[in-house]
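Q: Listed below, chain by chain, are the residues.
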Amino acid sequence: MTVQLQPPFRYVGHKRRVREDRRFVAGGGHYAADLVLAGMLHCAPLQSEHPAARIVSIDASAALALPGVHAVLTGAQLAAASEPLMNGANTPLVVRYPLAVGQVRYAGEWVAMVVAESRALAEDARELVQVEYEQLPFVTDGEAAMAEGAPLVHPPHGSNVLLDRHFIWGPVEERFAVAPRKLAYRVRWARSSTVPLETFAVTAQWDASQDVLDVWASIQMPKFPDQIARSLRLPGNAVRVHYDVDVGGSYGVKRGIKHAVLVGHLARVLGRPVRLVEDRLENMTGGDMQGPERVFDVELAYDDAGRVHAMKMRALDNVGAYAGRSPFQLGKPIGAIVGPYAIEAVEYHALAVASNKTPQEAVRGFGQAPTNYALETGIDQVAAALGLDRLEIRRRNFIRAEQFPYLIPSGTTYDSGNYAGLLEKTVAVADLFAERDALRAQGLLAGVGIASCLEPSGGNSSFEPLLNPMNRTTTWMESCRIHVDALGGITAAMHTTTSGQAHETLVSVAVAEVLEIPPERIRVIRPDSLASLPSNSPVGSRMAIMLGGAAVRAAQKLRAQLLAIAAHDLGVPQHLLRYSEGDVHAPDGRKLAWQELVIIAHREYFRLPPGVEPGLSASSIYMVPTGGELPKDDKVQMYPCHSFEFHYILVAMDRVLCRPQIRRYIIGHDCGQVISPDVVKGMTLGGIAHGIGAALLEEFSIDAQTGQPTAASFMDYLLPSAHEVPHVEIVHQTTPSPLTVFGQKGSGESGYLGSPAAIAGAINDALAPHGVRVDQLPMRPALLSDLLEGTHA
Amino acid sequence: MKPAPFEYIRAESVLQAQEWLAADPEARVIAGGQTLMPMLAMRLVRPTRVIDIAGIAGLDTIAVGADHVTLGAMVRQVAVERSAAVAQALPLLSKAIRFVGHPPTRRRGTIGGSVANADPAAEIALVAVTQGAEVLTTADAFAARDYFLAPMTTALPAGAMVTGLRFPRVAAARRGTGFAEVAMRQGDYAMAAAACELVLGAGGEVASLRLGIGGATPVPVLLDLAAPTREAIAAALAPLEMMHDPNAGAGYRRRAALALAMQALDEAQREVMA
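Order-wise, the sequence lines are chains A and B.
If you use my numbering, the first sequence closes out at 782, no skipped numbers anywhere.
If you use my numbering, the second sequence closes out at 321, no skipped numbers anywhere.
The set of hints was computed from the structure by calculation and includes no laboratory data.
The C-beta atom is built at its ideal place from N, Cα and C for all residues, glycine as well.
Hints should not be assumed to be uniformly reliable.
So the derived label-pair ranges between C-beta atoms look like this [as the list claims (entries may be wrong)]:
{"no.": "1", "chain 1": "A", "residue 1": "P394", "chain 2": "B", "residue 2": "L91", "range": "54 to 64 Å"}
{"no.": "2", "chain 1": "A", "residue 1": "Y174", "chain 2": "B", "residue 2": "P293", "range": "54 to 64 Å"}
{"no.": "3", "chain 1": "A", "residue 1": "S50", "chain 2": "B", "residue 2": "M199", "range": "32 to 42 Å"}
{"no.": "4", "chain 1": "B", "residue 1": "P293", "chain 2": "A", "residue 2": "R644", "range": "17 to 27 Å"}
Subject to a maximum C-alpha distance of 20 Å in a straight line, what follows is the list of computed EDC-like cross-link-like pairs (lysine to aspartate or glutamate) [as the list claims (entries may be wrong)]:
{"no.": "5", "chain 1": "B", "residue 1": "K49", "chain 2": "A", "residue 2": "D268"}
{"no.": "6", "chain 1": "A", "residue 1": "K621", "chain 2": "A", "residue 2": "E336"}
{"no.": "7", "chain 1": "B", "residue 1": "K49", "chain 2": "A", "residue 2": "E38"}
{"no.": "8", "chain 1": "B", "residue 1": "K49", "chain 2": "A", "residue 2": "E116"}
{"no.": "9", "chain 1": "A", "residue 1": "K171", "chain 2": "A", "residue 2": "D286"}
{"no.": "10", "chain 1": "A", "residue 1": "K624", "chain 2": "A", "residue 2": "E333"}
{"no.": "11", "chain 1": "A", "residue 1": "K621", "chain 2": "A", "residue 2": "E333"}
{"no.": "12", "chain 1": "A", "residue 1": "K414", "chain 2": "A", "residue 2": "E718"}
{"no.": "13", "chain 1": "B", "residue 1": "K49", "chain 2": "A", "residue 2": "E106"}
{"no.": "14", "chain 1": "A", "residue 1": "K414", "chain 2": "A", "residue 2": "E424"}
{"no.": "15", "chain 1": "B", "residue 1": "K49", "chain 2": "B", "residue 2": "E73"}
{"no.": "16", "chain 1": "B", "residue 1": "K142", "chain 2": "B", "residue 2": "E314"}
{"no.": "17", "chain 1": "B", "residue 1": "K142", "chain 2": "B", "residue 2": "E128"}
{"no.": "18", "chain 1": "A", "residue 1": "K624", "chain 2": "A", "residue 2": "E162"}
{"no.": "19", "chain 1": "A", "residue 1": "K212", "chain 2": "A", "residue 2": "D233"}
{"no.": "20", "chain 1": "B", "residue 1": "K49", "chain 2": "A", "residue 2": "D23"}
{"no.": "21", "chain 1": "B", "residue 1": "K49", "chain 2": "A", "residue 2": "E718"}
{"no.": "22", "chain 1": "A", "residue 1": "K621", "chain 2": "A", "residue 2": "E116"}
Next comes chain A alone, as it looks inside the complex (with noise of 0.2 Å):
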C-alpha cells in the first residue's frame, strides 16, 4: 500500500520552469536522425501498390547493379532468419513480418527494403526492383470485412474477425425490459492518428567482437528491447536499445517495432550500421501509425427523469490489415466504459475486424476518446428526447462525490472524483448559452458543446488477459534508480525513453520532494536497457503515477540510508533523528550535514553501520496500484486512477460555409495532485487541438474503388494549425486519488478524451433548429453543409 505524501508540498505543484524546455527549444535535442556513424547505410522501403496481392518474384538485378547498392531484402528472406512480430490477439495464423511475405495486404505495405550509402540512392535503386503481383480481391470496410464471402485478409484465419468478446456486466436485459424509454443510435470515428512531426527513425549497429545490437530509435514502445531480441533470436542481453534517444512527438504510435526488427537483420548480415528515417509518405501509408476507426451501435435505457440505468454498446474497429496490439484498444475502455455516469448494467460488444489497409497501432488514449465520444452523444440524446438541459442530464447522472470509491459494473473500482462539482465551477465561468443565442440572433449558426469525460490512468495491461486468456501478463512496472555521486551529487535514472512528456522534470520534481533538496540539483538519465531496471514505457497516462511512484520510493529508501547511518554515526536513535534538506539533525543541536553523510557512505567506512553497504544508491520497481490480478468472471480492475475533465465550449459558423470556429473553449480539468503545472496545462491544450483535428479535419481517407490512401501527406491529412486551435480556459479542481505518492492522477490524454466530444455535441447543437444532426467525425465544412441544404451534390 502507498503511503501519500500531504500538502504542503515544497516543490509539487509549484510552477517551475520545465527542465526539457531548454534543450529542445534551444535545438539541444538528440533524435534518432541526429545519430551519424562511421559507415552508415541508409534504407528505403518499397512499398505495395496493391491493397491485396500475391507477389510473384521480386527481381533486384538491376537496382543491385547500381553502384553503392548494397542489399535488396526481401520479405522471404527476412522471414527465414527471424521469428514473427508479437501478435495481441489470439490469433496464431494471423501472422506478421516486417516485409510482406507471399502477399501484401494493404496499399503501401512494405514489399522489400533497398540498403544504399545514401537514401537518395536508395530510393534511386528502389524504382529499379521489379515486382510481379497477381492482384486479389480487397476489403477496406471493416462492416464489409465481416460479412459472409469478404475477400479474407488472412485466409489461413478463416475469417477477417480477429477479435469478438461478447461482456455482459449486470442486469442489461432486465433493465431494459423495465425502462420505460430507450433510444439506439450509431456513431463513426473515423482513422485518424497522432501524428509525430518526427517521423519513424532508427538506426542499428551490430557489434560482433560483443554480439550485441546497439539499438537508437525514435519510440514509445513496451518491451521493445524484449520484442527485437525474440523476433531476431537473440538473446536478450544482446540487445541494447538507447533509450536517451530524444522522441520528437508520439502519443501512442512510434511503436517500430517492425522497422528495428528489419534494421536489425541489416545491421547485422551487412556488418555496417544501418538506418532508416522514413519519409512522410512512407510514414503516414507503411508506418503502420494509424489510430483506431470505429462504428458504434448503441443502445440507452432510460427513465423519465434522465437517469440512464442500461447500456449496450457494441464497438466494430477496424484494425487493418495485421492485429498487434490494436484490438487490445477495444479492451482498456472497458475500465471506464460507463464514463462518469452511474450506469447499473452494460452489455458490451467488441469486435475488430481485418481489412486491407494500413495496421492500426496505439493512439492517445487507447481507444478511449471513441468511446467517449460515443457515450457522450447518448448522454445528449437523452437529454433532447426528454427536452433536459444537457447540464442537468449530467448532473441527474453523474456518480456522486460520496460514492467513492466507485465500483462500475465492469469491476473497476474509480478511485476518487468529484464530477458535479467540476462542472459547476465550469459553467459559472461563462453563460455560453446566452453568448451562443447572441450569435445566433447575427443569423450564424451556434451551438455549446459538452462533454465530461475520465481519462483512466496509470496503465497496466489487465485488458490483455481480458481479452486474450492466453496472455497471462499483469506485471506493468516503472522503475527508478539514484545514486548519489562521491561529491554529493544527485543523478536519478528512468529507465523507458521519454516522448515529450517532460519526464525529467517529474523525476526531478518527485526526488526532490523527498530529499527537499532543489530539483534544479538532480541530475535524471535515462541509460541503455542492459543497464536498466524492469520498466515498460510512457504508454496509458501512467508516468506520473508510475514513475513518480517509483521515484518518491526510491527516493525514500535513501532517504532511509541517510538517516540509519547519521543515527549510526551520532549514536542517536533514528525516530529522534529529523531529516531537513538533507542534512540529519540530532534533539541535541547536533547536525550531519549532506557532505558529511555522503563522505561516510563513499569514503569512511568505518562510521558506517556494520554491514551497510557503502555507496548511496536506492532503487525502486514500482508496480501499479490496484493491478495484477486475473480478470475473474470477465471482470477486471483496469487503471488504477480515473482523472475527470468537462468540456464547456462554444462554436459559430456560417449557414452557407459551415466551417466551424471555435469560439470559447473552456475546460474543466481535474488529474489529482498537480505534480508540474505547465507539463499539465502542456497536455491539456495539445490534447484539445489533437481533438480538434479528430473531430474537423483529419482523417486516413482510402478511395473504396481503388484500395488507395487518399490522404498519405500533410497536403491531404489536415492538421489542425494555430489558426484552427482556440485560446483555452482552464478550470482547476484538484481531488487527490488515494492510491498514489502524491495524490495524482495521469494527465497524458488530458483534453483529446473529450474535445472530440465536445465539438460533435457543440455542432449539433447548431444544427438542431434546423432538424439535422451528424453522428460521424471528422464534420468537414461540406458535410454540414450538404446535410443543412439537404443534398449530396
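Mind docking chain B on chain A? Use the hints.
A: Using the frame of chain A, we list chain B on its own:
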C-alpha cells in the same frame, strides 16, 4: 522523398533561361519552389534540368506606372504583402495575398510561380482574372482570362517562361474591393473564393463591377453580371462547371461561391461607401 537526379542551373538573364528552356523540353523553371520542390521530392516531376531564375536581375521589381502596375515573375509574395505601393494601386491583390499559403511560404513563393503553376485555388490568378491583368511571358502577353485553360494547364507555349503580371491601374477615387474564401484551414487551398472590385462614377452610379470566382471552378472566372445582386450572381454561377474532391462536392462549391461572392461584394460596397 529525395528527387530523382537532375541538373541544377542558375540563369543570369531571361534570355539565357529562355535558351535553356528551348533547348530541353524536359527542363523546368524554379522560382520560389513552394510547389515544385515538394513535387520533385515526391518524384511527381522528373525534369532533366531545373533552371533557377532567382538570380535574374530585374525580375523581382514592382513597377507602378501611370496606367499599369507590373510585377516581375520573381516578386516574392511577401513583397507584395508589404508593399505600400501595391496596397495603394492594387488593393484587391493586397487583400488576396494574405490568403496565399502562410508567412513562411509567402516569403519564398513568387507571383510568377503561382501564375505558371495555375492551381485553380490560387488567389493571385483569381485577382489577375478579376482585374483583367495580362500575363507577361517570353513568347507573348496573354489576357489572364485567356491564359488559364484548366487546372495546372495554361496557354504558355512550350519553351516559354512567365516573366510577370501587368495589372491595369484603376483610379483610386470611389473604389471598393472585397476578397473572401473558404478553405479547410486558414492558408489551405480555397474550396471557393471570390474577389470583387467595385468602382462608382461621379454621380455614385456603378461605373464598373468586377466579380471573380476561384477555387470552385477549374480556372478563375470573371462573372458576367447583369446587376450587383444575389440573383444575378447566382444566375452567372449557374452555367459554370464546379470542381469536386473528397473535401467538398460541386454543390457545396456552388453555394459557397455564391455566399463568398456576396461577402466580397458586400465588403467592396461598404468600402466604397466609407
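Q: Each of the hints needs a verdict: does it hold here or not?
A: Hint check:
no.	hint	result
1	A/P394 to B/L91: 54 to 64 Å	holds, 58 Å
2	A/Y174 to B/P293: 54 to 64 Å	violated, 26 Å
3	A/S50 to B/M199: 32 to 42 Å	holds, 37 Å
4	B/P293 to A/R644: 17 to 27 Å	holds, 23 Å
5	B/K49 to A/D268	holds, 9 Å
6	A/K621 to A/E336	holds, 17 Å
7	B/K49 to A/E38	holds, 19 Å
8	B/K49 to A/E116	holds, 12 Å
9	A/K171 to A/D286	holds, 13 Å
10	A/K624 to A/E333	holds, 14 Å
11	A/K621 to A/E333	holds, 19 Å
12	A/K414 to A/E718	holds, 12 Å
13	B/K49 to A/E106	holds, 14 Å
14	A/K414 to A/E424	holds, 18 Å
15	B/K49 to B/E73	holds, 19 Å
16	B/K142 to B/E314	holds, 11 Å
17	B/K142 to B/E128	holds, 8 Å
18	A/K624 to A/E162	holds, 18 Å
19	A/K212 to A/D233	holds, 16 Å
20	B/K49 to A/D23	holds, 18 Å
21	B/K49 to A/E718	violated, 43 Å
22	A/K621 to A/E116	violated, 54 Å
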